[in-house]
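Asks: Quick mapping for you: the protein sequence lines, in order, are chains A and B.
Sequential numbering of the first sequence, starting at 1, is according to our numbering.
Sequential numbering of the second sequence, starting at 1, is according to our numbering.
Just to be clear, a hint being listed does not mean it is correct.
What the hints assert, rightly or not - Sample of chain B residues lacking proximity to chain A, with all beta carbon distances greater than 10 Å (derived): (1) A115; (2) R176; (3) D180; (4) A184; (5) F273; (6) S298.
As the list claims (entries may be wrong) - Estimated spans, in silico, between C-beta atoms of each pair: (7) I11(A) / M135(B): 20 to 30 Å; (8) V300(B) / R33(A): 43 to 53 Å; (9) I11(A) / P238(B): 20 to 30 Å; (10) I328(B) / G19(A): 28 to 38 Å; (11) G64(A) / Y261(B): 24 to 34 Å.
As the list claims (entries may be wrong) - When the alpha-carbon atoms are kept at most 16 Å apart in a straight line, the in silico EDC-like pairs for lysine to aspartate or glutamate are as follows: (12) K232(B) / E219(B); (13) K8(B) / D18(B); (14) K62(A) / E278(B); (15) K29(B) / D14(B); (16) K72(A) / D10(A); (17) K117(B) / E219(B); (18) K46(A) / D111(A); (19) K123(A) / E179(B); (20) K66(A) / E179(B); (21) K72(A) / E39(A); (22) K29(B) / D18(B); (23) K66(A) / D97(A); (24) K62(A) / E77(A); (25) K269(B) / E73(B); (26) K35(B) / E219(B); (27) K66(A) / D180(B); (28) K99(A) / D135(A); (29) K96(A) / D18(B); (30) K66(A) / E219(B); (31) K230(B) / D244(B); (32) K30(B) / D244(B); (33) K131(A) / D97(A); (34) K62(A) / D304(B); (35) K118(B) / D180(B); (36) K95(A) / E15(B); (37) K41(A) / E179(B); (38) K123(A) / D135(A).
Hints were generated in silico from the structure; no laboratory data involved.
C-beta atoms are modelled at their ideal positions from N, C-alpha and C, and glycine is treated no differently.
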Amino acid sequence: MALSRKKFLDILIGLGGFGSLAAFTYPIFSYLRPLPSTEAKVNTVKAGTASGFPPNSSQIIKFGRKPVILIKSESGEFSALEATCTHLDCIVQYKKDTKQILCACHNGIYDISGQNLSGPPPKPLQAYSVKVIDDEIVITTIVT
Amino acid sequence: MKNSLQSKIENWLDERYDLSPIRKLITHKKVPLHKHSVWYYMGGAALFLFIIQVITGTMLLLYYKPGEESAYESVRFIITKVKFGWLIRNVHSWSANLMVFFVFLHMFSVFFMKAYKKPRELTWVTGFLLLGIAMGFGFSGYLLPWNELAFFATKVGTDIVGVIPIVGEEIKLMLRGGEDVTGATLSRFFGIHVAVMPAIFMMILGLHLFFVQKQGMHEPEGFSKLPDEKKKYIPFFPNFMLKDATLWLVIFALLSFLALYFPWELGPKADPFLPAPEGIKPEWYFLFTFQTLKYLPSHVLFMDGELFGILFFNVAGLIWMLIPFLAIKDRPGWKIQPMTVIGILVLIFMIAMTVLGFIT
Ligand code: HEM
Ligand code: FES
Chain A
1 MALSRKKFLD
11 ILIGLGGFGS
21 LAAFTYPIFS
31 YLRPLPSTEA
41 KVNTVKAGTA
51 SGFPPNSSQI
61 IKFGRKPVIL
71 IKSESGEFSA
81 LEATCTHLDC
91 IVQYKKDTKQ
101 ILCACHNGIY
111 DISGQNLSGP
121 PPKPLQAYSV
131 KVIDDEIVIT
141 TIVT
Chain B
1 MKNSLQSKIE
11 NWLDERYDLS
21 PIRKLITHKK
31 VPLHKHSVWY
41 YMGGAALFLF
51 IIQVITGTML
61 LLYYKPGEES
71 AYESVRFIIT
81 KVKFGWLIRN
91 VHSWSANLMV
101 FFVFLHMFSV
111 FFMKAYKKPR
121 ELTWVTGFLL
131 LGIAMGFGFS
141 GYLLPWNELA
151 FFATKVGTDI
161 VGVIPIVGEE
171 IKLMLRGGED
181 VTGATLSRFF
191 GIHVAVMPAI
201 FMMILGLHLF
211 FVQKQGMHEP
221 EGFSKLPDEK
231 KKYIPFFPNF
241 MLKDATLWLV
251 IFALLSFLAL
261 YFPWELGPKA
271 DPFLPAPEGI
281 KPEWYFLFTF
291 QTLKYLPSHV
301 LFMDGELFGI
311 LFFNVAGLIW
321 MLIPFLAIKD
331 RPGWKIQPMT
341 VIGILVLIFM
351 IAMTVLGFIT
């Protein structure tokens, strides 16, 4: 039953082939994987003065690399929400006429508290906490 | 009459390399003449447009600078400062669209003539891969000017990959070069657009053309059943090639007209901190998928609507690619064959969804 010389060599070469395949796919694959972001996590951002912010309007704030939408309602209350649509990643806007949040990509609608009302978005927009300290707007992540 | 210098060179080469196989490959092919012969020109038209893409793309490369802070600025520089830069960019953009259009036309014409049947299965498969890469060229090229529209189209187009179970997130991360669409995404798309895809495209194109040249043109049923003395052909070389060249001139004229009178928009620069503009839409050849996704409810069976949509298009694409192996046999005596009906339904679906995508 002895392993023939040819078979033995075939197996040897096959193993070698597999080995070198693994030896070059693994580094290539690892090279292609992006590194995790090294930026420091932002927890608090100042967003200007409360008195200078007109009611029934909005502004997009840079929260680190993340866009956050800050809205002042007609009655003067602030709310801050993640501005990235929960559907497919577009950036939302506040509509003054309907007082709702619109995502123009596929007509997703949220209310001013971030609740998804209609269209494709599957989840509400995540909320941030907004405080006004000495007329200065301060947005912080809500730790859960 | 052969120029004597030319024949001298030919003889010189022939003596050393034996050109007869090449000569045979060029001259043995005959092109059948019948009432559907016009469709034989569509692949050639796509080929011509690809050549234009390579030339204009390489020219754009001389001034284009990838990068969040330089891509948009360099394209603006090309169209405002570089002499005839606007022309080169317009031609590259228009020709990209015409190329995809002709590839679609070519594919449906060979489908309806049933040219995918034995022995041309692999010609069909390679052709389908070329269509896929052409669309990939369009998707990756679209981002390169780093304008607002392209930015959101890429956000949506790459985010949707994330819905695929298990591997989706990983693929999305690899495509984007990070969590979000950033300069890293632009670098990756640039590399894919100007190096990876041209190399793969040319290899597959080489195979596709070799198969066609080797096997000759497919003869539709009505023609191949004719008695031999009724069959009319023209030689591929030089007759058909000259006719091909005539169509290329017509397409070139059309391309010049489009590039001169309908400049390609650049629009505002991408800003990751501005809301998506209203009315964003993908390029027309992705519109039918986009529109179909819109009509899907948020849940189909036990799946997410988007996931169902993606699976649907991928499976449909795979089946379409394997048509030569899966096709329903012709029914003798039927007025209209089952595969023809399927083709018509697919075409109607795609056209209807595209039109709906435009008007809504
Ligand atoms: C070797 C081949 C190619 C090279 C080197 C190349 C290179 C480039 C470069 C540098 C740009 C950015 C400049 C600009 O946006 O105008 C670009 C854009 C683009 N390319 Fe290509 N390209 C090639 C082939 C193709 C093909 C085959 C297609 C489509 C089927 C295509 C479709 C596009 C599109 C749609 C854009 C965006 C045009 C725009 O909005 O300006 N490219 N290409
Ligand atoms: S990305 Fe917001 S609705 Fe689709």
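Asks: Decide, hint by hint, whether the structure agrees.
Replies: Tested hints:
no., hint, result
1, A115, "holds (37 Å)"
2, R176, "violated (7 Å)"
3, D180, "violated (7 Å)"
4, A184, "violated (7 Å)"
5, F273, "violated (5 Å)"
6, S298, "violated (6 Å)"
7, I11(A) / M135(B): 20 to 30 Å, "violated (43 Å)"
8, V300(B) / R33(A): 43 to 53 Å, "violated (32 Å)"
9, I11(A) / P238(B): 20 to 30 Å, "violated (55 Å)"
10, I328(B) / G19(A): 28 to 38 Å, "violated (46 Å)"
11, G64(A) / Y261(B): 24 to 34 Å, "violated (45 Å)"
12, K232(B) / E219(B), "holds (11 Å)"
13, K8(B) / D18(B), "holds (14 Å)"
14, K62(A) / E278(B), "violated (22 Å)"
15, K29(B) / D14(B), "violated (21 Å)"
16, K72(A) / D10(A), "violated (74 Å)"
17, K117(B) / E219(B), "holds (11 Å)"
18, K46(A) / D111(A), "violated (24 Å)"
19, K123(A) / E179(B), "violated (19 Å)"
20, K66(A) / E179(B), "holds (11 Å)"
21, K72(A) / E39(A), "violated (29 Å)"
22, K29(B) / D18(B), "violated (20 Å)"
23, K66(A) / D97(A), "violated (26 Å)"
24, K62(A) / E77(A), "violated (20 Å)"
25, K269(B) / E73(B), "holds (9 Å)"
26, K35(B) / E219(B), "holds (12 Å)"
27, K66(A) / D180(B), "holds (9 Å)"
28, K99(A) / D135(A), "violated (24 Å)"
29, K96(A) / D18(B), "violated (78 Å)"
30, K66(A) / E219(B), "violated (59 Å)"
31, K230(B) / D244(B), "violated (24 Å)"
32, K30(B) / D244(B), "holds (14 Å)"
33, K131(A) / D97(A), "violated (26 Å)"
34, K62(A) / D304(B), "violated (31 Å)"
35, K118(B) / D180(B), "violated (46 Å)"
36, K95(A) / E15(B), "violated (78 Å)"
37, K41(A) / E179(B), "holds (14 Å)"
38, K123(A) / D135(A), "violated (32 Å)"
Going down the numbered hints, you'll see the structure goes against 2, 3, 4, 5, 6, 7, 8, 9, 10, 11, 14, 15, 16, 18, 19, 21, 22, 23, 24, 28, 29, 30, 31, 33, 34, 35, 36 and 38, while the others check out.
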